[in-house]
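Enquirer: Listed below, chain by chain, are the residues.
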Amino acid sequence: MNKKASFLKRYALVFVAALAFALFLLVFPAWRGKALDSVVFQAKTMFLVIPPIFILLGLLDVWVPREKMIRYMGQGAGVKGPILAFLLGSFAAGPLYGAFPFAAVLMKKGASFTNILIFIGAWSTTKIPMLLFEMAALGKRFALSRLVIDIVGIVIIAWAIKLSLPKKEVERLYAQAEQID
Amino acid sequence: MDTIILYVIAFGALLVSLFVDKQKTLTALKKALKALEGILPQFLTVLLVVAAVLAVLDTATISRVLGNSSGLAGILVASLIGAITLIPGFVAFPAAAALLAGGAGATQIAAFVSSLMMVGIVTLSMEIQYFGKRAALLRNALAWLFSILAAFFVGWVVSL
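Line order of the protein sequences matches chains A and B.
Sequence positions in the first sequence follow my numbering and run 1 to 181.
Sequence positions in the second sequence follow my numbering and run 1001 to 1160.
The hints are simulated quantities; they were obtained by calculation from the structure and are not laboratory data.
Think of the CB as a built atom: it goes at the ideal place given N, C-alpha and C, for glycine as much as any other residue.
One or more hints might be untrue.
[Claimed, not checked] Derived lysine to aspartate or glutamate pairs resembling EDC-like cross-links, with alpha carbons at most 20 Å apart: (1) A/K9 to B/E1037; (2) B/K1133 to A/D61; (3) B/K1030 to A/E178; (4) B/K1022 to A/E178; (5) A/K34 to B/E1037; (6) A/K4 to B/D1058; (7) B/K1024 to A/E67; (8) A/K44 to B/E1037; (9) B/K1031 to A/D61; (10) B/K1034 to A/D61; (11) A/K80 to A/E67; (12) B/K1133 to A/E169; (13) B/K1024 to A/E178; (14) A/K140 to A/E169; (15) B/K1133 to A/E171.
[As the list claims (entries may be wrong)] Sample of chain A residues lacking proximity to chain B, with all beta carbon distances greater than 12 Å (derived): (16) K4; (17) A5; (18) Y72; (19) G74; (20) G78; (21) G81; (22) S112; (23) L117; (24) L138; (25) E169.
Put together the whole structure using the sequences plus the hints.
Expert: Below, the structure written as structure tokens:
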């Protein structure tokens, strides 16, 4: 695709929002100060904290040996399996829907279903770079207590799904993953 | 202070990585830049919308709807908003911080953050494709319930 066109397309909504925001400032001078303060506050939270986090994200992406970790996520891997699944999810980058295709890859490589569910849970909520940002933005107590309770939740939810899903359905999902390339 | 530690860790890791493998480090930096640029449009849009909304709503209104005294109703509202919206945490945290500063309660914000991350109504059809109806619906329902429980826990710890 044309680079310029794709840039315009991606930022189209930003231009609309900026225009609406400028209009808002013009029409409601009474709210001008508060709105601008909020822009500065949020931008500061973002741009002060985020550069080192994204550097760490990039380094993790390059250095974490994913292939090796996946090998130990099969049945009978003991406690190593869930722990690796948890780490694999926590060191990932990207939104939750990015985890689903990855989960299909894990199924193909023979990771157990419980481990895949733990991986999905970790990907959704205990990402390490995100945690650093959360600590800076919302406070250490907030972020760390959420992390602790979420680890408990991930395991409980993984077990509950695993227990309530018939074996045949799990087999069907694995067979289906084989079809996805 | 925390931010300084973060910078020290990041640059320390960067130096070690650079020392071990220059090429890999360059790839990592490129990926970092690309990821940052990837969330930028969404971040800027949310930033402006939230700034305008927060300017209109005064602290009293925010704390009535999402404040500590809003109780379970506020938690439910926050977790429903989190379940249906699809924005990355990196975009949501500055907005959540602004809401906290504007009078929202920690429990309510925790409900929003947790359900935002764990529950995905918009991406449900995609999840069903990979995990089947039963597992996907069950995961989202359980995650939503859990996000409310987690919110109470976080709110309690923050209030200690």
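Enquirer: Next, verify each hint and record whether it holds.
Expert: To see whether the hints hold, each was checked on the structure:
1. Taking the CA atoms of A/K9 and B/E1037, the gap is about 14 Å. The hint holds against a cut of 20 Å.
2. Taking the CA atoms of B/K1133 and A/D61, the gap is about 31 Å. The hint is violated against a cut of 20 Å.
3. Between B/K1030 and A/E178 the CA atoms are separated by roughly 32 Å; this puts the pair beyond 20 Å, and the hint is violated.
4. For a cut-off of 20 Å, the pair hint linking B/K1022 to A/E178 is broken: about 37 Å separates their Cα positions.
5. At most 20 Å may separate the alpha-carbon atoms for a hinted pair to count; A/K34 and B/E1037 exceed this at roughly 27 Å.
6. The suggested pairing of A/K4 with B/D1058 is violated, with an alpha-carbon distance near 40 Å, which exceeds 20 Å.
7. Of the supplied pair hints, the one linking B/K1024 and A/E67 holds, its CA atoms being roughly 17 Å apart against a limit of 20 Å.
8. With a C-alpha separation of about 17 Å, the suggested pair A/K44 and B/E1037 falls inside the 20 Å cut-off, and the hint holds.
9. For a cut-off of 20 Å, the pair hint linking B/K1031 to A/D61 stands: about 8 Å separates their Cα positions.
10. Straight-line distance between C-alpha atoms of B/K1034 and A/D61 comes to about 13 Å, which keeps the hinted pair within the 20 Å bound.
11. A distance of roughly 15 Å separates the Cα atoms of A/K80 and A/E67; the hinted pair therefore holds under the 20 Å criterion.
12. A threshold of 20 Å between alpha carbons decides the hint, and for B/K1133 with A/E169 the separation of about 10 Å falls inside it, so the pair holds.
13. With a C-alpha separation of about 31 Å, the suggested pairing of B/K1024 with A/E178 is violated against the 20 Å cut-off.
14. At most 20 Å may separate the alpha-carbon atoms for a hinted pair to count; A/K140 and A/E169 exceed this at roughly 41 Å.
15. For the hint linking B/K1133 to A/E171, the alpha-carbon distance of about 14 Å falls within 20 Å, and the restraint holds.
16. Against the 12 Å criterion, A/K4 stays outside the reach of chain B, whose nearest CB is about 15 Å from its own CB.
17. Taking the minimum C-beta to C-beta distance to chain B, about 14 Å, the non-interface status of A/A5 holds against the 12 Å cut.
18. The beta carbon of A/Y72 is kept farther than 12 Å from every beta carbon of chain B, the shortest such distance being approximately 22 Å.
19. For A/G74, the condition that its CB be more than 12 Å from all CB atoms of chain B holds, with the nearest at approximately 19 Å.
20. With a cut of 12 Å on Cβ distances, A/G78 stays outside the contact zone with chain B, its closest approach being about 24 Å.
21. With 12 Å as the threshold on Cβ separation, the claim that A/G81 sits away from chain B holds: the shortest Cβ distance comes to roughly 19 Å.
22. The claim that A/S112 is not at the interface with chain B holds, since no C-beta of that chain comes within 12 Å of its own (minimum 14 Å).
23. A cut-off of 12 Å between C-beta atoms contradicts the statement that A/L117 is not in contact with chain B; the least separation is 8 Å.
24. A beta-carbon of chain B comes within 12 Å of the beta-carbon of A/L138; the shortest separation is about 6 Å.
25. Separation of A/E169 from chain B is inadequate, the least Cβ-Cβ distance of about 6 Å not exceeding the 12 Å criterion.
The structure shown violates the earlier hints numbered 2, 3, 4, 5, 6, 13, 14, 23, 24 and 25.
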